[in-house]
Amino acid sequence: MQFTHSEEQQLIRASARSLLAARANAAQRRATLGLRAGYDPQLWRTFAELGWMGLAIPQAYGGAGLGWVELCLLQEEQGRLLVASPFFATSALAAPLIGCCAHEAQRQSLLPRIAAGELRIACALAGADGRPPLDGVGVSLESEGQGFTLSGVSDFVIHGDSADLFLVLARAPQSHGAAGLSVAALPAGTAGVTVHPHVMLDLTRPMSRVEFQGATVNRQQLLGEPGDAGRGIEQALDLARIALASEALGGAEYVLEMTTGYVKERMQFGRPIGSFQAVKHRLADMMIEVEAAKSAAWYAATVAQERPEELAEAAAIAKSYCCDAFFDCAANAIQLHGGVGFTWEHEAHLYFKRARATATLLGTPAWQRERLVRHFAAGSSPTPIF
Amino acid sequence: MKLGFTAKEERFRAEAAGWLQGQLSGPFRDLRGLLMQGGHAQRRRDWERALGAAGWSCIGWPEAYGGRGATLAEQVIFAEEYARAGAPGRLGYMGVELLGPTLLAFGTEAQRRRFLPPIARGEELWCQGYSEPNAGSDLASVRTRAVLEERAAGPEWVVNGQKTWTSFAQFADWAFVLCRTEEGSRGHRGLSYLLISMHQPGVTVRPIRQMTGGADFNDTFLVDARTAAENVVGATGDGWKVAMGTLSFERGVSTLAQQMSFANELRTIVSMAEANGLIHDPQIRQRLAHAHIGLRLMRYSALRMLSSAEAGKLSNEAYTYKIFWASWRKKLGVLALDVLGPQGEIAAGASYEWELLPRLFLGSRADTIYGGTSQIQRNIIAERALGLPRESRSS
Numbered sequence: 001m002q003f004t005h006s007e008e009q010q011l012i013r014a015s016a017r018s019l020l021a022a023r024a025n026a027a028q029r030r031a032t033l034g035l036r037a038g039y040d041p042q043l044w045r046t047f048a049e050l051g052w053m054g055l056a057i058p059q060a061y062g063g064a065g066l067g068w069v070e071l072c073l074l075q076e077e078q079g080r081l082l083v084a085s086p087f088f089a090t091s092a093l094a095a096p097l098i099g100c101c102a103h104e105a106q107r108q109s110l111l112p113r114i115a116a117g118e119l120r121i122a123c124a125l126a127g128a129d130g131r132p133p134l135d136g137v138g139v140s141l142e143s144e145g146q147g148f149t150l151s152g153v154s155d156f157v158i159h160g161d162s163a164d165l166f167l168v169l170a171r172a173p174q175s176h177g178a179a180g181l182s183v184a185a186l187p188a189g190t191a192g193v194t195v196h197p198h199v200m201l202d203l204t205r206p207m208s209r210v211e212f213q214g215a216t217v218n219r220q221q222l223l224g225e226p227g228d229a230g231r232g233i234e235q236a237l238d239l240a241r242i243a244l245a246s247e248a249l250g251g252a253e254y255v256l257e258m259t260t261g262y263v264k265e266r267m268q269f270g271r272p273i274g275s276f277q278a279v280k281h282r283l284a285d286m287m288i289e290v291e292a293a294k295s296a297a298w299y300a301a302t303v304a305q306e307r308p309e310e311l312a313e314a315a316a317i318a319k320s321y322c323c324d325a326f327f328d329c330a331a332n333a334i335q336l337h338g339g340v341g342f343t344w345e346h347e348a349h350l351y352f353k354r355a356r357a358t359a360t361l362l363g364t365p366a367w368q369r370e371r372l373v374r375h376f377a378a379g380s381s382p383t384p385i386f
Numbered sequence: 001m002k003l004g005f006t007a008k009e010e011r012f013r014a015e016a017a018g019w020l021q022g023q024l025s026g027p028f029r030d031l032r033g034l035l036m037q038g039g040h041a042q043r044r045r046d047w048e049r050a051l052g053a054a055g056w057s058c059i060g061w062p063e064a065y066g067g068r069g070a071t072l073a074e075q076v077i078f079a080e081e082y083a084r085a086g087a088p089g090r091l092g093y094m095g096v097e098l099l100g101p102t103l104l105a106f107g108t109e110a111q112r113r114r115f116l117p118p119i120a121r122g123e124e125l126w127c128q129g130y131s132e133p134n135a136g137s138d139l140a141s142v143r144t145r146a147v148l149e150e151r152a153a154g155p156e157w158v159v160n161g162q163k164t165w166t167s168f169a170q171f172a173d174w175a176f177v178l179c180r181t182e183e184g185s186r187g188h189r190g191l192s193y194l195l196i197s198m199h200q201p202g203v204t205v206r207p208i209r210q211m212t213g214g215a216d217f218n219d220t221f222l223v224d225a226r227t228a229a230e231n232v233v234g235a236t237g238d239g240w241k242v243a244m245g246t247l248s249f250e251r252g253v254s255t256l257a258q259q260m261s262f263a264n265e266l267r268t269i270v271s272m273a274e275a276n277g278l279i280h281d282p283q284i285r286q287r288l289a290h291a292h293i294g295l296r297l298m299r300y301s302a303l304r305m306l307s308s309a310e311a312g313k314l315s316n317e318a319y320t321y322k323i324f325w326a327s328w329r330k331k332l333g334v335l336a337l338d339v340l341g342p343q344g345e346i347a348a349g350a351s352y353e354w355e356l357l358p359r360l361f362l363g364s365r366a367d368t369i370y371g372g373t374s375q376i377q378r379n380i381i382a383e384r385a386l387g388l389p390r391e392s393r394s395s
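Residue numbers (the working numbering), protein chains in the order written: chain A, 1 to 386; chain B, 1 to 395.
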């Protein structure tokens, strides 16, 4: 039993921190926010050269063969600087979807290209109402001749406007729950697929609405067996939730450090404002949440590698706790910076917005908690509110 | 990162579980499931001795002092099995978890040889004499005085003052007491950490009734209480450092056992909600989930704390641990009463005595006060862990 990061893992963190400080700092982020893709393509290539894109992909598929603990360290470090990159959507969401749902031949064809940095993947999972996948699926898959057609709308598709490939979650007519779900892989530009980029509350993670109007896919484009993806999707989504929780942890930790630095410097009444208890105690509360968030995220990442039977519970805990902690810390950061914290110029609002958007993605904290109750109070279900 | 245990550690688990379950379904059946609160003092003493006789009392200590030299993993395993077997809250807590580690860190070899084996055998119980009526959060302002007096048998400390909130004083054979040994000194300086026998005419213990209705702690009056000159831990005048060391041991493996009793409280609340239908209320569900999450995070944080303690590092999670669990449990107490509903406000019998959940509701109000209030905890986190400027303090 050793619940701390190994030296090798700490080395990965340290090298990520120094690379990102040089290549994805606040000034560079400001520049990338204006780019059409919303991220720096050079940086993505560097990620691939360093083996990051395939960090958790097995060596048999061209990856580095490390685990979710290491991938989550990269997520934390990117979260600290709100790095906008295809890393999360491609390596932390699409790769596990492929790993959990696809046939061997499909893995052989897709995973090495992710690792090599040749493939940016956008996952079209949520319906237009944005409810988490499986509760809301907006695309239907119908048989037509030898193949299938996709119709409907998927929204909140991360990097939908700059991806090379879409993974589309689609439901067979009249199916419910985890049954009748398939994941289809479509190259960008497929006929019958249109992408509408949004202006999002969170400026650092571009999303699009993707419409499917009878786009055709063949049998080989469905990952695994048709209608059989439900179980694999749940598992892949939990892995992605843990990665998101890690990213939120990084953001929370960063705003705590930023705010601590500020209150030590900012003088009022002839003293640093950080000497006042009203300020101190807020920072202490932030640190309490950050430390608990570390426990949540690190445990969940470890579970992803060691204890599959605890995956769903640990993912729900990490996703809900880390996202709430990030939001509280980012909100406190604005308050403790005073007026300057409310300006567009200051980076506090970027963290606040990212915190809100991360909480929404793949199931809100309240949704995760509801999942948890079902887990420990078996057979119970809530009375509908309305 | 590695959560699992080795085959050797699992064999240790089987051995510990076998012994514990044998005792608690056999000779100590009556203590099964008893937490810290209330009663059964003599049986609890018997239990301490039984643990000691079988070598399960202080497993992390070196064998020379009555321990087993158990590894951290083995201590974690034992704490888990102890709780799983429903073993009772320990009357020996103060000696086993606080004084013992303090003597291992700061004591002389003679002190260790004198005091550790009787703790490990379950023969001598301890209590802690820190707080005073005018030294609560500002612990460094203790006024209890100790002066060295020459006697025929050698020099002795003569101690005068009042200690308060002394849990276990009614059972204890000895106390570790923070005293002022330097005339005219103030604050952290001039304090010493003395070991004083409770069995002498100069020591009087008076129970304090708490808002729960029970009386778990006491006022302890020291009037010319005496102890041998060598019963000072660390150097004379260095007591503050030793006392702070003791406090840091409150975050040891025993936190895992504490979590198990929290888990029992949460389980009881969930069962009550399932029985009375509140389990279907969306707000109650969210609060139950929050409670479940908090409990799990305590466990994960304790594992982190223990892992990094083994590596000899001072960790941030150790600073935040106390306020985290204390705030969590206070919320749990309110949730408990909300789930019980109005019936929860009616005592079961004719006296002011309460079942588990109302007792949790009342008792948890102390959690954010003892062992450093949450306000003091926040100051410590802000000043020591985050490095913010200190408050101005009058000296």
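It cannot be assumed that every hint is accurate.
Non-contacting residues of chain B with respect to chain A, defined by C-beta distances greater than 12 Å in every case (computed) [as the list claims (entries may be wrong)]: (1) Met1; (2) Leu3; (3) Asp30; (4) Pro101; (5) Ala105; (6) Glu150; (7) His292; (8) Glu353; (9) Glu383; (10) Leu386; (11) Gly387.
Partial list, computed: chain A residues near chain B (C-beta under 10 Å) [unchecked claim]: (12) Met1; (13) Ala191; (14) Gly192; (15) Val193; (16) Thr194; (17) His196; (18) Val263; (19) Arg282; (20) Ala284; (21) Val290; (22) Phe342; (23) Trp344; (24) Glu370; (25) Ala377.
No wet-lab data here; the hints were simulated from the structure.
Ideal placement from N, C-alpha and C gives every residue a C-beta, glycine not left out.
Evaluation of the provided hints:
A beta-carbon of chain A is positioned within 12 Å of the beta-carbon of Met1 of chain B; the least distance is around 4 Å. The claim that Leu3 of chain B is not at the interface with chain A is violated, since a C-beta of that chain comes within 12 Å of its own (minimum 5 Å). The claim that Asp30 of chain B lies off the interface holds: its Cβ sits roughly 30 Å from the closest Cβ of chain A, which is beyond the 12 Å cut-off. With a cut of 12 Å on Cβ distances, Pro101 of chain B stays outside the contact zone with chain A, its closest approach being about 20 Å.
Interface exclusion of Ala105 of chain B from chain A stands, the closest Cβ pair being 22 Å apart, more than 12 Å. Even its closest Cβ contact with chain A, about 48 Å, leaves Glu150 of chain B beyond 12 Å, as expected for a residue assigned away from the interface. For His292 of chain B, the requirement that its beta carbon stay farther than 12 Å from each beta carbon of chain A is not met, with the minimum near 6 Å. The beta carbon of Glu353 of chain B is kept farther than 12 Å from every beta carbon of chain A, the shortest such distance being approximately 29 Å.
Against chain A, the non-interface label of Glu383 of chain B is violated: not every CB pair exceeds 12 Å, the least being about 7 Å. The Cβ of Leu386 of chain B sits about 5 Å from the closest Cβ of chain A, inside the 12 Å cut-off, so the non-interface label is violated. Not every Cβ of chain A is farther than 12 Å from the Cβ of Gly387 of chain B; the closest lies at roughly 7 Å, contradicting the non-interface assignment. A hinted interface residue such as Met1 of chain A counts as satisfied when its beta carbon comes closer than 10 Å to some beta carbon of chain B; here the least separation is about 5 Å, so the hint holds.
Evaluation of the Ala191 of chain A hint against chain B yields a violated restraint, the C-beta minimum of about 45 Å exceeding 10 Å. Among the interface hints, the one on Gly192 of chain A is violated; its C-beta lies about 40 Å from the nearest C-beta in chain B, farther than the 10 Å criterion. Hint on Val193 of chain A is violated. Least Cβ distance to chain B is approximately 38 Å, over the 10 Å limit. For Thr194 of chain A, the interface hint is violated, since its Cβ never comes within 10 Å of a Cβ in chain B; the closest pair sits about 38 Å apart.
Checking His196 of chain A against chain B: minimum C-beta separation of about 34 Å lies over 10 Å; hint violated. Here the hint on Val263 of chain A is kept, as its CB sits about 7 Å from the closest CB of chain B, short of 10 Å. Annotation: interface hint on Arg282 of chain A holds; nearest CB of chain B at approximately 9 Å, less than 10 Å. Against a cut-off of 10 Å between C-beta atoms, the interface hint on Ala284 of chain A holds, since the closest Cβ of chain B lies about 4 Å away.
The criterion of a C-beta within 10 Å of any C-beta in chain B is met by Val290 of chain A, whose closest approach is roughly 8 Å, and the hint holds. Among the interface hints, the one on Phe342 of chain A is violated; its C-beta lies about 23 Å from the nearest C-beta in chain B, farther than the 10 Å criterion. Checking Trp344 of chain A against chain B: minimum C-beta separation of about 28 Å lies over 10 Å; hint violated. Because the closest C-beta pair between Glu370 of chain A and chain B is about 6 Å apart, less than 10 Å, the hint holds.
The beta carbon of Ala377 of chain A is positioned within 10 Å of a beta carbon in chain B (closest approach about 6 Å), and the interface hint is therefore held.
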